[in-house]
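Novice: As they're listed, the protein sequences go chains A and B.
In terms of this note's numbering, the first sequence opens at residue 1454 and continues consecutively.
In terms of this note's numbering, the second sequence opens at residue 1454 and continues consecutively.
Just so you know, the hints here were simulated from the structure itself, not pulled from any lab data.
Remember, predicted model here, so these are calculated numbers, not experimental data.
Treat the hints with care, since some could be wrong.
Pairs involving identical chains hold if they fit within one copy or between any two copies, as the list cannot separate such chains.
[As the list claims (entries may be wrong)] Mimicking DMTMM-like on lysine to aspartate or glutamate, the simulated pairs with C-alpha atoms at most 20 Å apart in a straight line are:
| no. | residue 1 | residue 2 |
| --- | --- | --- |
| 1 | 1501 | 1780 |
| 2 | 1479 | 1693 |
| 3 | 1816 | 1791 |
| 4 | 1619 | 1555 |
| 5 | 1476 | 1535 |
| 6 | 1659 | 1594 |
| 7 | 1569 | 1784 |
Number of protein chains: 2
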Amino acid sequence: MTEPVFELPRGFRAASCSAGIKKSGKPDLTLICADRPVRCAGVFTTNKVVAAPVVVSAPRVRSGLCQAVLVNSGNANACTGEPGMQNALRCGELVATALGIDPQLVAISSTGVIGKPLPMACFEKHVPQLAANLGSAGVDDVAAAIMTTDAFPKICSRIIEVDGRKISLLGLAKGAGMIHPDMATMLAFVFTDALVAEGLLEASLKRAVEGSFNRITVDRDTSTNDMVLLMASGVAANREIAFGSPAAESFDQALGEVLLELAKMIVRDGEGATKLVRIQIVGATNDADALLVARSIATSALVKTAFFGADANWGRIIAAAGYAGAEVDPDRVGIVFDEVPMVAGGLGLGSEQEALASVILQKPEFTVTVELGLGQGSAFYYTSDLGYNYVRINADYRT
Amino acid sequence: MTEPVFELPRGFRAASCSAGIKKSGKPDLTLICADRPVRCAGVFTTNKVVAAPVVVSAPRVRSGLCQAVLVNSGNANACTGEPGMQNALRCGELVATALGIDPQLVAISSTGVIGKPLPMACFEKHVPQLAANLGSAGVDDVAAAIMTTDAFPKICSRIIEVDGRKISLLGLAKGAGMIHPDMATMLAFVFTDALVAEGLLEASLKRAVEGSFNRITVDRDTSTNDMVLLMASGVAANREIAFGSPAAESFDQALGEVLLELAKMIVRDGEGATKLVRIQIVGATNDADALLVARSIATSALVKTAFFGADANWGRIIAAAGYAGAEVDPDRVGIVFDEVPMVAGGLGLGSEQEALASVILQKPEFTVTVELGLGQGSAFYYTSDLGYNYVRINADYRT
Chain A
1454 MTEPVFELPR GFRAASCSAG IKKSGKPDLT LICADRPVRC AGVFTTNKVV AAPVVVSAPR
1514 VRSGLCQAVL VNSGNANACT GEPGMQNALR CGELVATALG IDPQLVAISS TGVIGKPLPM
1574 ACFEKHVPQL AANLGSAGVD DVAAAIMTTD AFPKICSRII EVDGRKISLL GLAKGAGMIH
1634 PDMATMLAFV FTDALVAEGL LEASLKRAVE GSFNRITVDR DTSTNDMVLL MASGVAANRE
1694 IAFGSPAAES FDQALGEVLL ELAKMIVRDG EGATKLVRIQ IVGATNDADA LLVARSIATS
1754 ALVKTAFFGA DANWGRIIAA AGYAGAEVDP DRVGIVFDEV PMVAGGLGLG SEQEALASVI
1814 LQKPEFTVTV ELGLGQGSAF YYTSDLGYNY VRINADYRT
Chain B
1454 MTEPVFELPR GFRAASCSAG IKKSGKPDLT LICADRPVRC AGVFTTNKVV AAPVVVSAPR
1514 VRSGLCQAVL VNSGNANACT GEPGMQNALR CGELVATALG IDPQLVAISS TGVIGKPLPM
1574 ACFEKHVPQL AANLGSAGVD DVAAAIMTTD AFPKICSRII EVDGRKISLL GLAKGAGMIH
1634 PDMATMLAFV FTDALVAEGL LEASLKRAVE GSFNRITVDR DTSTNDMVLL MASGVAANRE
1694 IAFGSPAAES FDQALGEVLL ELAKMIVRDG EGATKLVRIQ IVGATNDADA LLVARSIATS
1754 ALVKTAFFGA DANWGRIIAA AGYAGAEVDP DRVGIVFDEV PMVAGGLGLG SEQEALASVI
1814 LQKPEFTVTV ELGLGQGSAF YYTSDLGYNY VRINADYRT
């Protein structure tokens, strides 16, 4: 198996650099541009404390057209008040001026330390250079420039065929948990050369985010800067993908796969994480209840520390199901670790099963299936374990 | 200052023993009895997975009359199915037979490992002996018999005067976090010799629990066995404390103080905890919003690890406020660590303040006040820090 070589879909060019925002001198600024205004869709943090770049970009993206996105790492421009807003607007202006386009077509995105002013001199100096160098950066360069505490870059692509034409989707994400010390922090960018009907991008993105980034947890903390941006250049010149068409279905599926793969990479790279665990709920009264139970188990500190310790502690799982706020009948609950049944009818199946399950819990990836025995509702969630390194990273960073 | 000597209020007698339920041979069974049926009130776990002793005791307590409570540690009798229910009922019968009273007057309570059958031989043998030895156990003995992973016993008392008569309240609790490995786990018992009007005990207990046990968090996990029981012997022979009277007010206040003190002891004894932190929200739109924000900050893993590391990381606090689901205007937020302002108008006050705050964060107890600047709503929450020992206790217990 050869390493995949990632390429930006046709119609997009990128540049990136070390602008001096990060003290380390690592890459920290990247500009990705479409050759002309293109359709776009976005999903933004639900935190009431919203970073300035999100405040500036959200309405622009929601207008449905976008041409360029500027992303910096090393500084989140969050909790920076009115000066932070002015700085965010200025970043957009710098891009617009350099490219000779309307500032309304520029999205900006920041990730890094909260509460410090953006070092504007870095932007004033480097944005014009980035605009002049568009096309010089590969996907790896872009991925590197958006990293903060990530242990590895997160890139995923899919190619689908529509009307005999190849369409490519490329996704990039950053995030290692939600927040490193004061990092504000989950960003994802997806580019495609597909020609897609107006409004369909947004619907497709919302569905895909619901089944990916909204189904992962590292520490339950929602960042002030979260943003997922999807841009479609249309350069593939396929027949426009229309609502409800088979092409829309394959586009949806490919987008869902890209986002889910990126989301799983974020959990694998979760702060201190050593395991990626899928929590699969089946047999709930309905899907909403299943999701409540999945989230409750996936976010339980007791469940996550048990995963870290490879302890097949089903009592904690059943307790977390019980306080999820969903309909749960303890006497019907079944729990299976990968293929090993641990609990049936609410009762443990004994120490032999527990020993088998402990082996599964030592694997880097496994699935915990909880059968509620009440109906047809199902849902999943991906979570990490909670180990010493989570505490080390988050408590000792500044010492 | 001399150590307080705790005594059971008049009208109650107790016995306790090592019945062999705990492998360690430590005290694990206690019986507390009133001399006759007395008024009582209870609050029980909201977990859908309810342990058998809670299922059995809740309706008995809610009837308003109770005479005896049997508590065992070492086994929670949770997730034990129909045999578990039979065992719980049998425990009550053993007490009723030994005392010659109606089983409906007996509450039972269990705490310890989930999913294992109660060792009934221990109960068959020791309950009659306990009944014969009533009066032999002091408060310390009772407190010891209900402990599981608690590092210290949790006892608190208050004496108030009503109509020139002394009334005493004595509270006992157990719990170190919510759940040790598979411990199911927060129990509190309050005894008083007050004569209290019908229904007033229940109202008073609900209010006191709301302001104490419902305002603490160690790990956000709700146990299957939680139970708070209040019994009033009436032996003080005061004029019956009536709804809305000044006496009811002082009774409420004393009960609230006892429960809050016990609740704070539980957080101090939280698994791996080194600090007790009061999260105080003021200036919220209303009290409900204030509580949402307090709970969100108090349960944030990022905030709790920062407390552990004595890192005055206000960005995490403001982010947790932002995703609480309450009305929050980031530009109005102020944050104060004890007396040291850290944030005003949503902006950090600089590194000098941060250095002062770091000193406060090294104290074993401190208060974080968050001013939302929106209205008159306020709320508090007590939380612990999250350190390596939380992971050690919960991940490595069985290895």
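Novice: Hint by hint, note whether the structure agrees.
Specialist: Each hint, compared with the structure:
{"no.": "1", "hint": "1501 / 1780", "result": "between (30 Å within a copy, 8 Å between copies)"}
{"no.": "2", "hint": "1479 / 1693", "result": "neither (40 Å within a copy, 74 Å between copies)"}
{"no.": "3", "hint": "1816 / 1791", "result": "within (10 Å within a copy, 45 Å between copies)"}
{"no.": "4", "hint": "1619 / 1555", "result": "neither (31 Å within a copy, 79 Å between copies)"}
{"no.": "5", "hint": "1476 / 1535", "result": "neither (25 Å within a copy, 63 Å between copies)"}
{"no.": "6", "hint": "1659 / 1594", "result": "neither (27 Å within a copy, 59 Å between copies)"}
{"no.": "7", "hint": "1569 / 1784", "result": "between (53 Å within a copy, 15 Å between copies)"}
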